[in-house]
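**Student:** Sequence:
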Amino acid sequence: MIDFGVLEIWFVAGSQHLYGPETLKKVAEHSASIAAELSESMTIPVRIVPKPVMIDRESIHQLCLDANSAKSCVGLIAWMHTFSPAKMWISGLKTLGKPLLHLHTQFNAELPWSTIDMDFMNLNQSAHGDREFGYIGARMRLPRKVVAGFWQDVRVQEEVGIWSRAACAWHDAKQLKVARFGDNMRNVAVTEGDKIDAEMKMCYSVSGFGVGDLVERIELVSDVEVAKLVSEYDATYAVTESLREGGTKRQSLRDAAKIELGLRRFLMETDSHAFTDTFEDLRGLRQLPGIAVQRLMAEGYGFGAEGDWKTAALVRAAKVMGDGLPGGISFMEDYTYHLRDGGLVLGAHMLEVCPTIAAGRPSVEIHPLAIGGKEPPVRLVFTAAAGKAVNASVVDMGNRFRLIVNQVNLVEPEYLLPKLPVARALWNPEPDLKTAATAWILAGGAHHTALCCALTSDHLECFAEIAGMECLLIDAKTQVRDFAKELKWNDMYYHLASGFRG
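Sequential numbering of the sequence shown, starting at 1, is according to the numbering used here.
Hints are supplied without guarantee of correctness; some may be wrong.
[To be verified] Pair by pair, the computed Cβ-Cβ distance ranges are: (1) V480 x P143: 22 to 32 angstroms; (2) V480 x M397: 17 to 27 angstroms; (3) M268 x L339: 38 to 48 angstroms; (4) K477 x E245: 48 to 58 angstroms; (5) M492 x K201: 13 to 23 angstroms; (6) R141 x A109: 28 to 38 angstroms.
Worth flagging that the hints you see were computed from the coordinates, not collected in a lab.
No residue lacks a Cβ here, since even glycine has one placed at the ideal position from N, Cα and C.
Go ahead and model the full structure; you've got the sequences and the hints to work with.
**Tutor:** Next up, the structure:
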């Protein structure tokens with residue numbers, strides 16, 4: 001569902017006519033070598049494609065136009081091997097609609113002390129060529145990522161890889177359709193928001209559909225399709241006795257499979273890669289979708305419960321960024337606390353937690369649900385694997401979208417949870433529960449989140465920068481007093497920011 005193989009990033013070296021054909025030939029050769037190395041890096045998921053050396057205003061402007069129209073291009077990496085006067089970059093950079101990374105590097109890691117001459121100096125002068133390019137980026141207030149260091153170093157390639165994954169997520173967001181079954185959960189504030197503003201700023205579209213539209217697709221599912229999917233359930237998961245062949249609740253498993261097949265068909269027909277539902281609008285469904293949502297999330301779909309389209313879009317973006325990385329990503333909800341031993345958060349939801357974060361083989365179970373007024377729903381039950389993660393929330397602040405990110409540490413529960421029949425995760429937030437919860441609430445963070453075991457805060461910060469979102473990080477260094485000041489400073493900045501452009 002997520003195919004990095006069709007995507008690419010263009011690598012562009014800057015120079016000028018002044019240096020002559022021999023130097024420009026060397027610049028092109030070095031540029032191609034760096035692009036090839038980055039393209040082969042295990043930490044960079046897409047192809048890095050070298051482009052001709054940029055030496056004048058016209059070619060730069062055309063390159064940026066070409067990048068904008070190229071469906072496979074998700075961003076540009078720019079490097080000034082020599083001195084490239086930055087005024088000739090202005091019209092192109094004003095036109096550029098793709099994410100930009102400024103790689104401040106040098107072709108050689110070491111200086112040839114005994115042979116260095118002015119020819120070497122004139123060729124290898126990114127130390128001052130990149131400063132010229134950096135100035136025009138700052139002067140134009142361009143959103144961009146700057147990575148400094150030797151291009152063969154692992155950390156440099158890791159930083160480029162993190163940014164490239166964020167660029168891929170932005171590329172996906174610009175085409176993303178979020179299907180919303182029913183409306184928002186009644187009277188809930190934080191899951192609401194301005195969908196027009198989201199499409200203008202975040203590019204993805206949110207479309208509402210009646211549950212009856214979904215029910216129509218479910219009713220088209222054949223018994224043969226259901227039997228095949230139920231067999232897949234049997235082979236993949238530890239199915240509880242009542243749901244096995246001959247069990248008293250076997251029909252409920254078939255109903256759940258039928259919902260999954262109908263939902264999958266609807267999403268494919270509408271080309272939607274994220275969706276929401278709400279237990280307050282289930283007309284025509286026998287049970288609230290549980291295992292269907294969990295399995296679709298595991299394939300890369302974004303999801304938000306109770307009509308939460310912002311979280312659905314965030315989960316999808318995180319799924320794109322995390323594709324192929326160890327660890328999973330899931331819709332999550334901060335549910336309840338353990339207020340001893342430094343504080344722990346028990347996260348869960350009624351049903352919809354993605355099995356990509358599971359510690360072991362999930363079980364398929366059926367239990368009553370006191371909400372929604374439908375038959376007991378089938379769901380996957382498991383505990384999340386221990387390890388580092390980030391928990392992220394997007395909220396609408398009226399004049400901007402805010403991304404709040406908390407670094408957390410997932411832990412194994414010390415006790416069994418025999419009477420909690422849902423998928424769950426247990427974590428201690430950094431720096432501690434008291435500080436993290438205070439900062440989260442001051443920032444207006446939602447109870448719905450994307451729990452990202454495959455990503456770091458760097459991925460999300462890169463995505464926020466590309467998307468023009470405010471980003472707030474709560475980590476081991478966070479202090480409430482400083483965090484509260486950051487909120488006030490950010491409010492002032494975003495009120496004035498429109499006047500900073502141009």
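**Student:** Hints first: check each against the structure and report whether it holds.
**Tutor:** Tested hints:
1. V480 x P143: 22 to 32 angstroms: With a Cβ separation near 29 angstroms, V480 and P143 satisfy 22 to 32 angstroms, so the hint holds.
2. V480 x M397: 17 to 27 angstroms: holds (19 angstroms)
3. M268 x L339: 38 to 48 angstroms: About 45 angstroms separates the Cβ atoms of M268 and L339, which means 38 to 48 angstroms holds.
4. K477 x E245: 48 to 58 angstroms: holds (55 angstroms)
5. M492 x K201: 13 to 23 angstroms: Check passed, 20 angstroms falls within 13 to 23 angstroms.
6. R141 x A109: 28 to 38 angstroms: Once the Cβ atoms are compared, 32 angstroms apart, the range 28 to 38 angstroms for A109 and R141 holds.
Checked against the numbered hints given earlier, this structure breaks none of them.
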